[in-house]
Amino acid sequence: MAKKLEFWGALGTVGYLLLIVVAVALKFEDFQQLKLNELGDFLAGVFGPVAFLWLVLGFLQQGRELKLSTDALRLQAEELKRSVEQQSIMATAAVQQIASQKAALQLQEQEIERSLSAIFSASTGSRQGVPEGIKTSVYFQNTGFEAREINVVFEPPIGSISSVSLGKLTKGSRSNIIDFIFPTSSEDRVGQCLINYLRSDGRRVSEEFTYSIPTDNPFVFIERRIELVDD
1 MAKKLEFWGA LGTVGYLLLI VVAVALKFED FQQLKLNELG DFLAGVFGPV AFLWLVLGFL
61 QQGRELKLST DALRLQAEEL KRSVEQQSIM ATAAVQQIAS QKAALQLQEQ EIERSLSAIF
121 SASTGSRQGV PEGIKTSVYF QNTGFEAREI NVVFEPPIGS ISSVSLGKLT KGSRSNIIDF
181 IFPTSSEDRV GQCLINYLRS DGRRVSEEFT YSIPTDNPFV FIERRIELVD D
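Here full-length UniProt numbering is used: position 207 in the sequence shown is 207, and no number is missing along the way.
If you're looking for bench data, these hints aren't it; they were derived computationally from the structure.
Wrong hints could be hidden among the right ones.
[To be verified] The calculated label-pair distances, taken between Cβ atoms and stated as ranges, are:
no.: 1; residue 1: Leu105; residue 2: Gln192; range: 26 to 34 Å
no.: 2; residue 1: Ile177; residue 2: Ala99; range: 45 to 53 Å
no.: 3; residue 1: Asp188; residue 2: Ala104; range: 19 to 27 Å
no.: 4; residue 1: Leu116; residue 2: Asp179; range: 15 to 23 Å
Virtual Cβ for every residue (Gly too), placed ideally from N, Cα, C.
The whole structure should be built from the sequences, with the hints applied where relevant.
What follows is the structure, encoded as structure tokens:
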């Protein structure tokens, strides 16, 4: 478009000047007789329209260039916006991937922990009445990995038993019987049973259980609660 304006401007200027030259040639004698001030007025009248024409053409060209610059800036802004959106999508995908990998790693670590840990369960033994109240027993079984230096703590104590050492339990083995003697009660009794042991990889582990002694069925029932792993 700018080249077209220049072309038509130049063509118009040349045509206009040719007309002036022809007019001057036709009245050359009169032209020679012009005084200096008249000659100045003549030249101003001749070149004034030419200057005005190029002023208008320059203004139009600047307007078109400004529009092109504005369009280019708008396109750049749109491209930048799309780029930011794509970067945001990529960042979100990366965060999700990292979260998925972290979750998978945590599951893997938990699986490793389970594969190295003991799995304890408690079973009730016999029960009988004694002068002190009730005598009953429990024993622990290990269906997981080998555990050493096993110590079982009851809080509050059951009768006179507050803690018991079970030594080592390999996979599939069971502990010695733990006997309890406690007085009868009109209310159910509950408490914590904490099992501390040393894993084969050298880590000390604590597993928390709960115990309950129902009034209508006074055995000592022990169930797993949560597992706490200490470094």
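Results for each hint:
1. Leu105 <-> Gln192: 26 to 34 Å: holds (32 Å)
2. Ile177 <-> Ala99: 45 to 53 Å: holds (48 Å)
3. Asp188 <-> Ala104: 19 to 27 Å: At 43 Å between Cβs, range violated.
4. Leu116 <-> Asp179: 15 to 23 Å: Given range 15 to 23 Å: violated, Cβ gap about 31 Å.
Going through the hint list in order, the structure does not satisfy hints 3 and 4.
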